[in-house]
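Novice: For this one, chain Z is given, so just place chain E on it according to the hints.
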Amino acid sequence: DAGVIQSPRHEVTEMGQEVTLRCKPISGHNSLFWYRQTMMRGLELLIYFNNNVPIDDSGMPEDRFSAKMPNASFSTLKIQPSEPRDSAVYFCASRDRVNTEAFFGQGTRLTVV
Amino acid sequence: GNSVTQMEGPVTLSEEAFLTINCTYTATGYPSLFWYVQYPGEGLQLLLKATKADDKGSNKGFEATYRKETTSFHLEKGSVQVSDSAVYFCALGISNFGNEKLTFGTGTRLTIIP
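Sequence lines, in order, name chains Z and E. Sequential numbering from 1079 applies to the first sequence in the working numbering. Sequential numbering from 4 applies to the second sequence in the working numbering.
One chain only, chain Z, in its complex shape (with noise of 0.2 Å):
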């Protein structure tokens, strides 16, 4: 299997415009998780899917972030407007049914300018 795939790698912005963030997880994985990393903040759990439905989003930052499961094999992670703050690396990590460590894609770097 390829892994947890994310897109793009990298990604620049313009304060104001939308952006999104798309992930594939691992084929039979039931769980997806997106983090957020940055150095000031650390590793943060944003929201995360079970069979497709969203079970956590509690640390979704605010209204501007939204995050789609429109079926087993992608997600997206959506920010508008995207602010300068949004700058970080965005993680997708997928996990099976029976055992409980997940496992993690390459990440998008966002930077918004």
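Keep in mind that the hints were calculated from the coordinates and are not lab data. Any given hint could turn out to be false.
[To be verified] Over the 12 Å line for every Cβ pair with chain Z, so calculated as not near, a few chain E residues:
1) L16
2) E19
3) A20
4) G64
5) H77
6) L105
7) I116
[As the list claims (entries may be wrong)] Simulated coverage check for chain E against chain Z, where a stretch passes if three residues somewhere in it have a Cβ under 8 Å from a Cβ of chain Z:
8) 43 to 50
9) 91 to 97
10) 106 to 114
[Said to hold, decoys possible] For each label pair, taking beta carbons as the anchor points, the in silico distance ranges come out as:
11) A56(E) to P1132(Z): 31 to 37 Å
12) T1154(Z) to G81(E): 40 to 46 Å
13) A20(E) to T1189(Z): 34 to 40 Å
14) N1177(Z) to I116(E): 31 to 37 Å
15) P117(E) to S1144(Z): 43 to 49 Å
16) M1118(Z) to S6(E): 15 to 21 Å
17) M1118(Z) to E19(E): 29 to 35 Å
18) G1094(Z) to Q84(E): 45 to 51 Å
The C-beta atom is built at its ideal place from N, Cα and C for all residues, glycine as well.
Specialist: Relative to the frame of chain Z, chain E by itself:
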């Protein structure tokens, strides 16, 4: 709730030194415990895990033992290499048919100097 407390960094060691990174946890139920490693510019990779008390996880010369009595899962390596320089995260998860998020510590940055 569940939480993980790990040793604050950064930690700097000379090559071939002995490494310990402390990790303690609080959890309801019976968690599995993990160490993840993040190399520069990459995502987190599972380094090792232990799923029940007294289990020892090991990989690449690293070891950690699940100590229920002290609620700890300290990471150790007998002789570190420059290539071990990375950020290490302790984490816990509780199997609940997938409906349980992983809880991570804040990470410990390790630098090994030749």
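Novice: Against each hint, give a clear statement of whether it holds in the structure.
Specialist: Structure-based check of all given hints:
no.: 1; hint: L16; result: holds, 22 Å
no.: 2; hint: E19; result: holds, 30 Å
no.: 3; hint: A20; result: holds, 26 Å
no.: 4; hint: G64; result: holds, 20 Å
no.: 5; hint: H77; result: holds, 19 Å
no.: 6; hint: L105; result: violated, 6 Å
no.: 7; hint: I116; result: holds, 22 Å
no.: 8; hint: 43 to 50; result: holds (count 5)
no.: 9; hint: 91 to 97; result: holds (count 3)
no.: 10; hint: 106 to 114; result: holds (count 3)
no.: 11; hint: A56(E) to P1132(Z): 31 to 37 Å; result: holds, 33 Å
no.: 12; hint: T1154(Z) to G81(E): 40 to 46 Å; result: holds, 44 Å
no.: 13; hint: A20(E) to T1189(Z): 34 to 40 Å; result: holds, 37 Å
no.: 14; hint: N1177(Z) to I116(E): 31 to 37 Å; result: holds, 36 Å
no.: 15; hint: P117(E) to S1144(Z): 43 to 49 Å; result: holds, 47 Å
no.: 16; hint: M1118(Z) to S6(E): 15 to 21 Å; result: holds, 20 Å
no.: 17; hint: M1118(Z) to E19(E): 29 to 35 Å; result: holds, 34 Å
no.: 18; hint: G1094(Z) to Q84(E): 45 to 51 Å; result: holds, 46 Å
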